[in-house]
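Trainee: Residue numbers (the working numbering), protein chains in the order written: chain F, 1 to 329; chain Z, 1001 to 1398.
Hints were generated in silico from the structure; no laboratory data involved. As the structure is a computational prediction, the values presented were derived from the model and not from experiment. Hints are supplied without guarantee of correctness; some may be wrong.
[Claimed, not checked] The following residues of chain F were derived to be distant from chain Z, with all beta-carbon distances above 12 Å:
#, residue
1, Ile28
2, Ala48
3, Val75
4, Thr93
5, Leu98
6, Gly106
7, Ala152
8, Pro165
9, Arg189
10, Gly210
11, Ala211
12, Ser242
13, Leu272
14, Thr296
[As the list claims (entries may be wrong)] Now the in silico label distances, taken between C-beta atoms and shown as ranges:
#, chain 1, residue 1, chain 2, residue 2, range
15, F, Pro165, Z, Gly1132, 50 to 56 Å
16, Z, Thr1066, F, Val120, 35 to 41 Å
17, F, Ile307, Z, Ala1373, 52 to 58 Å
18, Z, Asp1367, F, Val120, 32 to 38 Å
19, F, Ile124, Z, Asp1136, 23 to 29 Å
20, F, Thr162, Z, Thr1066, 49 to 55 Å
21, Z, Thr1170, F, Pro39, 58 to 64 Å
Glycine is no exception: its CB is placed at the ideal position from the N, C-alpha and C atoms.
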Amino acid sequence: MTRVRALGAALQGAGTVFLLLALTFAAIAVVNPGFFEAPSVMAFLKQAAPLVVLAAGQYFVVVSGNFDLSVGALVGAQVVIAARLIDGVESRTVPVMLVMLAFGIGVGLVNGLITTVLKVQSFITTLGMLLVLYGAIRLWTGGAPTGDLSEAFRTPGRLGITGVPLIGQIPWALLIMLAVGAGAILLMRTRFGRILIASGDNELAARLSGARVDAVRTAAFVLSGISATIAGVLIGGFAGVSAQVGEGLEFTVITAVVLGGVALGGGRGTALAAMAGALAIEALFTLFNQMALPATLRPAVQGAIIIAAVAYAARRRLRPAPQPTAAPS
Amino acid sequence: MQTTRLALAAAAALGLLLATGCTTDTPTEPADDATTEGSSDEWFVQAEYDAQLAQRDIAPEGDPATPWLQAIEPEWVDTGEFTREGGDATVCFSNASVSNPWRVTGWITMQEQVKVLQEAGEIGEFRTSDAGDDDDQQISDIQAFVDSGECDALIISPSTTATLTPAVETACASGIPVIVFDRGVNTDCATTFIHPIGGYAYGADAAEFLVENLEPGSKVLALRILPGVDVLEHRWAAAQQIFGDSELEVLGDEFTGGDAAEIKNIVTQYLQRGDVDGIWMDAGDGAVAAVEAFEDAGKPYPVMAGEDELSFLRKWDETGMTAIAPVYSNFQWRTPVLAATMILRGEQVPAEWILPQEPITEADLDDYLARNADMPSLHYAKFGGEDLPGFPDAWRDR
């Protein structure tokens, strides 16, 4: 019993997302037992990877007390930039990826500096950035994307290590997702991570104790920009270029992070749970599809489940935490 | 305490999921039919459907080498009242948007055609506005053109049908010739309304091909961009008619927003549920992503209805799959400016200028690929600008 409590405390109310994930997978198993064969699980993880990577980036921003609404537009912009600059020429792949990385870092830096130095609320800063990116890309391309991605560019999002016994193919996207996830978790264990949480939890207290709140918050935006760049490479690689890439992703990813038990306003939640939130959302999409739920009904059901899950988590959090009993029983 | 509650909630949630699972699982067919038929009734007009399907077999008047000047069963109207001496006319164009590759391709073609007419001295100034898919913006764009009093002819590509109707009527009332093309409006006040045959014909071309090339009992997945847009709804309504009379099983119809990643996700998930033998699309955006989903899942290629976007035509050629590319004739973007100069010369034009709309089949695939060899992948094969002086640079270096 104490063990269960300890585990519960460790997850800081994030248990709901793992419960939701388990339930969703259980339901998928009931509807279509064949889903749990290795190839289709790998396909699922491959298509979920971009959202998980984005969730890791968004987590840094949200836990430090901000939002990044510009990630969807940034993902779209990155894919369009890549297609236009590469234009089907293989040798340009790596240079263009470096350009994209610089662009992602630049956008994150601008978001961060406007929010911390100019004191513009991040909601407005990044909403503005969303519109700026959307408009700039339309202006630059004349309305719709042009050019073509190279085969090499598409490899990380589409292909994998083939011929693995039992599994078949291990997607590169899965390995990238695991690497990003591990990186995010490790980063949160450093001094940087603790300052980040402290900034979101109680900004004033963090400042008074000498933490460089503005610096870590700006860094969080930069990390979000980098994650959007990686997600852009994965999504572009997965499906190629289209005008609508990235549309609405910002809301899906913020939902994922909140579903993972990360409090909007910051200061609470773990990177692992945020990424599990992204996985849970992708799992719900898969479940609806496996259930052949009419397309028109899906957003409503998805919304209801998310509200229910977050409300359930909030109820659990509001109840007083079980006091460790000192006296032996 | 905590664990009991957790268990209770878990049980309740699981029950809920299973309940929804069961109710939607067993009566899948009737439920699907009910929803889809509801939407098709709203958008399906039998007479219009019959007319469009018949128009596919009518030989258009005019030279087949210049399909943008051909017309199906035209009713010629006199435009003598608009005759204007002296050339160098100011032609104005209110564009709904250039927000998809189809419109971008057409817009380039139109500009190149205008250059030719400008050199010939027929058009002086070509004024344009882009409403960015915003009805209100387009209404004020049209009003501004009318108020300026400087347009000798006004071309309108409406963003939506009903909302733009009053603005088009205002333009007609100002006494200048008005040319409407692509999507229509609910008034026939325009001097000419230019459009290819239409959505029913498009959807039917695609659906008939699947019916002919698939065994009875085969499973078809329909991928749609979004609900509620008439040109797209007509395509799906026609397909439903044809699938309804066939022995094909429609697995589902999914909205993708035209997003390649979404398309690939959805197709991948359908393939996890079972085989898919055919794909019907209401527009070819992202068709390649759908094909790739089959490749990545290691499944045989489906029989496929895409569109004449080059990325799909090239994929079709590479894979040798059984496919068709229905066409919503992109060359229609040339016609309005030519019509404007005809009207200003006082020549007759068709009141409703119905352009031919023929799908690209296996037989003419190589021809269209060769003609568009230099073109980027988001270009439309039937753009009809090969004879314009700007070809190929204007379309290649967009």
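Trainee: Look at each hint and say if it fits the structure.
Mentor: Against the structure, the hints:
1. Ile28: The claim is violated: Ile28(F) sits with its nearest Cβ about 10 Å from chain Z, within 12 Å.
2. Ala48: Answer for Ala48(F): violated, closest chain Z Cβ roughly 9 Å.
3. Val75: Per Cβ check, Val75(F) is inside 12 Å of chain Z; nearest 10 Å; violated.
4. Thr93: Correct as stated: the minimum Cβ-Cβ distance to chain Z is 17 Å, above 12 Å.
5. Leu98: Correct as stated: the minimum Cβ-Cβ distance to chain Z is 23 Å, above 12 Å.
6. Gly106: holds (24 Å)
7. Ala152: Consistent with the label, Ala152(F) stays out of reach of chain Z, its closest Cβ about 16 Å off (over 12 Å).
8. Pro165: Holds: least Cβ distance 17 Å, greater than 12 Å.
9. Arg189: holds (27 Å)
10. Gly210: Non-interface label stands for Gly210(F): nearest chain Z Cβ at 38 Å, farther than 12 Å.
11. Ala211: The claim stands: Ala211(F) keeps its Cβ more than 12 Å from every Cβ of chain Z (closest is about 34 Å).
12. Ser242: Non-interface label on Ser242(F) violated, nearest chain Z Cβ at 4 Å vs cutoff 12 Å.
13. Leu272: Given that every Cβ of chain Z is farther than 12 Å from that of Leu272(F), nearest at about 19 Å, it holds.
14. Thr296: Incorrect as stated: the minimum Cβ-Cβ distance to chain Z is 7 Å, not above 12 Å.
15. Pro165(F) to Gly1132(Z): 50 to 56 Å: This hint holds: roughly 54 Å between Cβ atoms.
16. Thr1066(Z) to Val120(F): 35 to 41 Å: Cβ of Thr1066(Z) to Cβ of Val120(F): about 56 Å, so the range 35 to 41 Å is violated.
17. Ile307(F) to Ala1373(Z): 52 to 58 Å: Holds, at about 53 Å.
18. Asp1367(Z) to Val120(F): 32 to 38 Å: Given about 57 Å between the Cβ atoms, the range is violated.
19. Ile124(F) to Asp1136(Z): 23 to 29 Å: holds (24 Å)
20. Thr162(F) to Thr1066(Z): 49 to 55 Å: holds (51 Å)
21. Thr1170(Z) to Pro39(F): 58 to 64 Å: The hinted range 58 to 64 Å holds for Thr1170(Z) and Pro39(F), with Cβ atoms some 60 Å apart.
Checked against the numbered hints above, the structure breaks hints 1, 2, 3, 12, 14, 16, 18 and satisfies the rest.
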